[in-house]
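Numbered according to my numbering, the sequence shown spans residues 13 to 289.
Derived from the structure by calculation, the hints contain no laboratory data. Among these hints, one or two may not hold up.
As the list claims (entries may be wrong) - Cross-link-like lysine to any residue pairs, in silico, SDA-like; alpha carbons within 20 Å at most:
| hint | residue 1 | residue 2 |
| --- | --- | --- |
| 1 | K171 | N126 |
| 2 | K127 | E100 |
| 3 | K107 | N126 |
| 4 | K234 | A94 |
| 5 | K107 | R201 |
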Amino acid sequence: MSKFLLICTVCTMYIDFIKANQCGPIKSFFCEASEPCPDTNTFIIIEVDDTFRYWAQNYHNYLRNEFAGGSDCRFKSGWTAANMLLVEYDLELEKSVECALKKCPFVYNECRRNKQFGYLGQNLYKCIGDDAELLLYTAALLWKEELLEIIQNDLSIMKHFHNVKGKTIEHVTQLLWAETSHIGCAKARDPYNNDHYLACHYGPSGNMYHEPVFIQGNPRSKCSSGYWRQSTRYPNLCSNQTNEEDLRNASSNFYLTFYYLCIMFCVNVIAMGTIDI
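Model the full assembly from the supplied sequences, consistent with the hints where possible.
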């Protein structure tokens with residue numbers, strides 16, 4: 013397997029929810045998607061398929077389930093989530109994040125919302141190379157570092173979301189936002205270099221100031237109305253799904269691929285001598 017250097021940066025855009033009921037004169041992504049990007053850097057959307065959609069859904073649910081069940085030993089005893097939802101994939105969110113990528117990934121839009129969910133959360137990942145699955149795994153490592161920032165600086169973030177000056181924690185808090193129920197993701201590339209982007213929209217949005225990331229308690233003990241079912245694949249998450257056949261089949265492939273990527277990533281990093289074991 014050829015060695016390569018994977019260089020990733022992560023960006024999250026989030027908003028103050030004091031005026032969450034209206035956008036005023038601000039146009040949504042759907043209104044602005046046809047406008048040209050600055051400096052003519054028009055990004056090319058890479059079509060995604062059902063395999064990618066299932067991967068994105070299971071990737072999120074895997075990490076949410078692990079956290080909700082208290083598997084991260086770095087958190088003090090009792091840090092389990094009582095109300096974390098199983099996320100579903102949403103094609104409308106996929107289209108909205110495509111519009112965001114067409115507008116250019118780093119152009120901020122204050123009216124990121126749709127009719128069903130209101131404001132939408134967003135996570136964006138930039139990488140040299142087009143391996144979306146390895147990009148997702150690398151993002152997981154970065155999110156783990158954000159958990160360390162929360163542990164070392166301010167655990168109250170989980171009970172009352174707020175910023176930490178000079179620290180980046182908003183990616184993992186959106187990922188773990190318990191009341192987020194739907195995601196949609198898209199990919200794009202910059203035709204002028206080898207930069208590839210993977211972005212996801214989240215509905216309803218997380219990172220709402222002074223709101224809890226999750227409710228602390230036994231897994232599934234405080235599920236939202238309509239989400240009382242237990243997921244067979246992700247037992248620590250609240251589910252409203254009556255049939256998880258597609259999710260289970262996708263999850264089987266997900267676990268095999270996830271562990272394969274873990275091994276391949278470590279082999280490449282060790283071979284390059286960038287970390288000490």
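Structure-based check of each hint:
1. K171 <-> N126: Violated, at about 27 Å.
2. K127 <-> E100: holds, 17 Å
3. K107 <-> N126: holds, 11 Å
4. K234 <-> A94: Measuring from Cα to Cα gives roughly 5 Å; hence the hint holds.
5. K107 <-> R201: holds, 16 Å
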